[in-house]
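Novice: Which chain is which? The protein sequence lines are A, B and C, in order.
Going left to right, the first sequence walks through residues 1 to 161 as my numbering numbers them.
Going left to right, the second sequence walks through residues 1 to 505 as my numbering numbers them.
Going left to right, the third sequence walks through residues 1 to 122 as my numbering numbers them.
I should point out that these hints are in silico values taken from the structure, not numbers from a laboratory.
One or more of the hints may lead you astray.
[What the hints assert, rightly or not] Here are the computed lysine to any residue pairs in the SDA-like style, where the Cα-Cα straight-line distance is at most 20 Å: (1) B:Lys102 with A:Ser74; (2) B:Lys157 with C:Leu85; (3) A:Lys75 with B:Gly26; (4) C:Lys25 with C:Arg47; (5) B:Lys157 with C:Lys25; (6) B:Lys102 with B:Asn35; (7) C:Lys108 with B:Thr100; (8) C:Lys21 with B:Glu150; (9) B:Lys157 with C:Ala4; (10) B:Lys157 with C:Ile114; (11) C:Lys116 with B:Cys147; (12) B:Lys157 with C:Met31; (13) B:Lys102 with A:Thr142; (14) B:Lys157 with C:Pro78; (15) A:Lys75 with B:Lys157; (16) C:Lys108 with A:Ile145; (17) A:Lys75 with B:Leu33.
[To be verified] Some residues of chain C that are not near chain A, with every Cβ distance over 12 Å (derived): (18) Tyr3; (19) Leu14; (20) Cys16; (21) Thr19; (22) Asn22; (23) Ile28; (24) Arg47; (25) Ser75; (26) Asp77; (27) Leu85; (28) Cys102; (29) Asp113; (30) Lys116.
Using N, Cα and C, we set each Cβ at its ideal position, and we do this for glycine too.
Read off the chains here:
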Amino acid sequence: MIDGMKGMTVIVKTISSWVKLLIFLFGIYIVLFGHLTPGGGFAGGIILASSYVLLMFAYGREFVEANLPLGLASKLDSVGAFLFALVAILGFAFGGAFFANFLYQNYLPGESLRLISAGTIPLSNIAIGLKVGASLFLIILTLSICCHYEAGSEEPNDDEE
Amino acid sequence: MSIPLPVFVAVPLVTAFLLPIFGERGKRIATLLANLATASLLGLAIAVIGKSGVYEIGNWSIPLGINLVLDGLSSLMLLVIGTVGTAAMLFSARYMEQYTAKAKYLSLFLLMIAGMNGVVLSGDIFNLFVFLEIASIASYALVGFGCGAEELEAAFKYMVLGSIASIFVLFAVGLVYGNTGSLNMAYIGKAIQASGLNLGLTFALSLFIAGFSLKAALVPFHAWLPDAHPSAPAPISAMLSGVLIKTLGVYALARILFNVFGISLHTGWILVILGLTSMVAGAFLALGQWDLKRLLAYSSISQIGYVVLGIGLGGLILARGGNPAWASLALLGGLFHLANHSVYKSLLFLTSGSVEMSTGTRDMRKMGGLGGKLPFTRAACTVASASVAGVPPFSGFWSKLILVIAAVQAHFIWVAAVIVFVSLCTLIMYLKVQRHVFLGELPKTLKQIREHRGAMVVAMISLACLCILMCLLVIIPSLRSSILDPAVKALVDGLEYSTKVIGTQ
Amino acid sequence: MLYALCFLLFMIGLYCAITKKNMVKIVIGIMVMEYAVNLFLIMLGYRTNGIAPIIGKGDLNPETGQVLSSFINGSVDPLPQALVLTSIVISLGSLALMISLCIRIYGKYRTFDITKIRRLRG
Numbered sequence: 001m002i003d004g005m006k007g008m009t010v011i012v013k014t015i016s017s018w019v020k021l022l023i024f025l026f027g028i029y030i031v032l033f034g035h036l037t038p039g040g041g042f043a044g045g046i047i048l049a050s051s052y053v054l055l056m057f058a059y060g061r062e063f064v065e066a067n068l069p070l071g072l073a074s075k076l077d078s079v080g081a082f083l084f085a086l087v088a089i090l091g092f093a094f095g096g097a098f099f100a101n102f103l104y105q106n107y108l109p110g111e112s113l114r115l116i117s118a119g120t121i122p123l124s125n126i127a128i129g130l131k132v133g134a135s136l137f138l139i140i141l142t143l144s145i146c147c148h149y150e151a152g153s154e155e156p157n158d159d160e161e
Numbered sequence: 001m002s003i004p005l006p007v008f009v010a011v012p013l014v015t016a017f018l019l020p021i022f023g024e025r026g027k028r029i030a031t032l033l034a035n036l037a038t039a040s041l042l043g044l045a046i047a048v049i050g051k052s053g054v055y056e057i058g059n060w061s062i063p064l065g066i067n068l069v070l071d072g073l074s075s076l077m078l079l080v081i082g083t084v085g086t087a088a089m090l091f092s093a094r095y096m097e098q099y100t101a102k103a104k105y106l107s108l109f110l111l112m113i114a115g116m117n118g119v120v121l122s123g124d125i126f127n128l129f130v131f132l133e134i135a136s137i138a139s140y141a142l143v144g145f146g147c148g149a150e151e152l153e154a155a156f157k158y159m160v161l162g163s164i165a166s167i168f169v170l171f172a173v174g175l176v177y178g179n180t181g182s183l184n185m186a187y188i189g190k191a192i193q194a195s196g197l198n199l200g201l202t203f204a205l206s207l208f209i210a211g212f213s214l215k216a217a218l219v220p221f222h223a224w225l226p227d228a229h230p231s232a233p234a235p236i237s238a239m240l241s242g243v244l245i246k247t248l249g250v251y252a253l254a255r256i257l258f259n260v261f262g263i264s265l266h267t268g269w270i271l272v273i274l275g276l277t278s279m280v281a282g283a284f285l286a287l288g289q290w291d292l293k294r295l296l297a298y299s300s301i302s303q304i305g306y307v308v309l310g311i312g313l314g315g316l317i318l319a320r321g322g323n324p325a326w327a328s329l330a331l332l333g334g335l336f337h338l339a340n341h342s343v344y345k346s347l348l349f350l351t352s353g354s355v356e357m358s359t360g361t362r363d364m365r366k367m368g369g370l371g372g373k374l375p376f377t378r379a380a381c382t383v384a385s386a387s388v389a390g391v392p393p394f395s396g397f398w399s400k401l402i403l404v405i406a407a408v409q410a411h412f413i414w415v416a417a418v419i420v421f422v423s424l425c426t427l428i429m430y431l432k433v434q435r436h437v438f439l440g441e442l443p444k445t446l447k448q449i450r451e452h453r454g455a456m457v458v459a460m461i462s463l464a465c466l467c468i469l470m471c472l473l474v475i476i477p478s479l480r481s482s483i484l485d486p487a488v489k490a491l492v493d494g495l496e497y498s499t500k501v502i503g504t505q
Numbered sequence: 001m002l003y004a005l006c007f008l009l010f011m012i013g014l015y016c017a018i019t020k021k022n023m024v025k026i027v028i029g030i031m032v033m034e035y036a037v038n039l040f041l042i043m044l045g046y047r048t049n050g051i052a053p054i055i056g057k058g059d060l061n062p063e064t065g066q067v068l069s070s071f072i073n074g075s076v077d078p079l080p081q082a083l084v085l086t087s088i089v090i091s092l093g094s095l096a097l098m099i100s101l102c103i104r105i106y107g108k109y110r111t112f113d114i115t116k117i118r119r120l121r122g
């Protein structure tokens, strides 16, 4: 540790810069295949966030904040939640009930156990993944900020189904 | 075409997530949107008065899917939440200017409303738990919103007790699921009717009572309330005292006890005793307070006692096989007092917020003679105090009168005596507020203060008018039969609930 | 037997949350309670040597299209798993809020001992 919060040794930095992409891709995979394999929006979102958290540990907070500013993460958080609600409302508009799986019923039945199947469930998974990833990242980032000086803490809000 | 019930949850939830997108620059738009959302919720709640229905989410039929149920009791609660929410939101448009991060505050506020509407509508105990947690987590964050040392301490205390209550409820949900194999309230009700209570279900029942009583701050479980309610910003205190403890505590307790487990002698007595102890202890503790908001918070405990007493008395009469007319009278008194209390207690908290904003203190010993400086606040506070103390033409009098009549008719003379006695204590308590805040001499330090006009005054005056007009709810038969009677009927019917829900699908 | 152990865990959590004086320990106690309840929910749906509750083509009765009773009797109950997933999400949210409250209180009072944090009284 050369200069305090600026990160860890060069070994950790190198390894984490290789691994972060793999973790991120794995998170995307878990989100996209949530309706077929174990996992889904919540688990995938946490993996997505953990790739950034790994970077934060290795390189220090400032590096991550330059990569993904707080404001942007907060907006992603809202967008994810909004998309999830949008899927529900579209179900109301096209399928006649909130959360109705209108894609599966009317437009795109797909073939079971394929990527494009199960109608709106993958869409909800993507929205939840975005939401959970962004909010977990925000929570950990603000907690690390709180340790040093006073700042507003992000409220955790859950809408996982 | 069934009523699209999820709008009650969807509208505040979607607005809550839209607000942070505007960020700090779009404060005005955010405030406007949030006010629109609460006002539209009030409109929707008025629109569904007298209706009832079951909504199946995602077209899954009920033993499989989640359902939302609207009946008289939910409709009354929706109306109360809508009214108080609208007024508090209007009040905070001006009041919250003194805090930073207003957009975050607004979205937490809306999340809390979404959670409460969900609790009221949910027909499924696990979903009830989820909405309960959404509302509670939002309220924990809101109590600590000021980020001062005392606020944080109060929020931590509230949060620990609240989380323990939630875990009790979750444990009880698990036990009920293990014993009946269903999470839907209607199906659980049917299964319990068929098999009767076994050990696990009795344990679940006691966990439910403990958990919801903690949320409702009934007396043995009240430790968090006098800290949490005064520490929150004034509109939030109004929401917490006015509707949150009623929705998460009293409503959920009544729903579980009456419609799912079926009221019995034991649970009826438990409710009556909890209600009486809260009434007496809350009133005595409130008398000794010098902090304005703390006094109001203790008085909330005492008033919640009235509501629970009314509900418990009704249940007790029903379980004894007494005259259903007196049972429904007691329930009517309890539920009417619930509606009344939410209006006047939120009004009192709003006025305390106005006083605090003008004077910068909550200590009544440092105030005095504010009547001339804050005329609107004073008028609103007088109306609300008269209501809460039960001075005849105002709303609080009628609900207490109904409770006394019901208690006397059911041969609980001593209960009636306690009701009258606590009412006297309440009168003394609020005379003290009037005397020390609005009458007397104006201290030199407060010569320069002025009242904050605008949205705050509008919110207070409209609630005060409502406070005077509330008595019409029982006097005019058509209003009573459309708002209060269905709510009472939902509780009197008890286990009929399950056949109603399953039958109307 | 297992249920009794689960209940014991719940009681340990409750004891920790009630008697400990350190705020972080209280939070840990609450989380132990939470996980005891989660464990209880999972055990409700567990079945020894159960199969995954996914209906494939082989599990349907070829004539009626109904699900075979051997599948119903052999598979684990999926509902408690969904419940536990949701309750984990909720407990994550409340844990984050509690921890941030702890950090902020530490910033104000410079202590984690709740007996020393007593500015509110009455």
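Novice: Next step is simple, just say for each hint if it's right about the structure.
Specialist: A quick look at each hint next to the structure:
1. B:Lys102 with A:Ser74: holds, 15 Å
2. B:Lys157 with C:Leu85: violated, 27 Å
3. A:Lys75 with B:Gly26: The hint holds at about 14 Å.
4. C:Lys25 with C:Arg47: Roughly 34 Å between the alpha carbons, so the hint for lysine 25 of chain C and arginine 47 of chain C is violated.
5. B:Lys157 with C:Lys25: Since the Cα atoms of lysine 157 of chain B and lysine 25 of chain C sit roughly 14 Å apart, the hinted pair holds (cutoff 20 Å).
6. B:Lys102 with B:Asn35: The given pair, whose Cα atoms are some 13 Å apart, holds under the 20 Å limit.
7. C:Lys108 with B:Thr100: holds, 19 Å
8. C:Lys21 with B:Glu150: Holds: lysine 21 of chain C and glutamate 150 of chain B sit about 18 Å apart, inside 20 Å.
9. B:Lys157 with C:Ala4: Since the Cα atoms of lysine 157 of chain B and alanine 4 of chain C sit roughly 30 Å apart, the hinted pair is violated (cutoff 20 Å).
10. B:Lys157 with C:Ile114: Roughly 10 Å between the alpha carbons, so the hint for lysine 157 of chain B and isoleucine 114 of chain C holds.
11. C:Lys116 with B:Cys147: Holds - the C-alpha atoms of cysteine 147 of chain B and lysine 116 of chain C are around 18 Å apart, at most 20 Å.
12. B:Lys157 with C:Met31: holds, 16 Å
13. B:Lys102 with A:Thr142: holds, 18 Å
14. B:Lys157 with C:Pro78: The hint is violated at about 36 Å.
15. A:Lys75 with B:Lys157: Distance of about 31 Å is beyond 20 Å: violated.
16. C:Lys108 with A:Ile145: holds, 15 Å
17. A:Lys75 with B:Leu33: Given pair lysine 75 of chain A, leucine 33 of chain B holds - Cα atoms ~18 Å apart, limit 20 Å.
18. Tyr3: holds, 26 Å
19. Leu14: Correct as stated: the minimum Cβ-Cβ distance to chain A is 24 Å, above 12 Å.
20. Cys16: holds, 22 Å
21. Thr19: holds, 27 Å
22. Asn22: Holds, because the least Cβ-Cβ distance between asparagine 22 of chain C and chain A comes to about 18 Å, which exceeds 12 Å.
23. Ile28: Answer for isoleucine 28 of chain C: holds, closest chain A Cβ roughly 16 Å.
24. Arg47: The assertion about arginine 47 of chain C holds, with a minimum of 18 Å to chain A.
25. Ser75: Correct as stated: the minimum Cβ-Cβ distance to chain A is 15 Å, above 12 Å.
26. Asp77: The claim stands: aspartate 77 of chain C keeps its Cβ more than 12 Å from every Cβ of chain A (closest is about 16 Å).
27. Leu85: violated, 7 Å
28. Cys102: Cysteine 102 of chain C is in fact no farther than 12 Å from some Cβ atom of chain A, at 10 Å.
29. Asp113: The claim holds: aspartate 113 of chain C sits with its nearest Cβ about 19 Å from chain A, beyond 12 Å.
30. Lys116: With a cut-off of 12 Å, lysine 116 of chain C remains clear of chain A, as the shortest Cβ separation is near 20 Å.
The structure shown violates the earlier hints numbered 2, 4, 9, 14, 15, 27 and 28.
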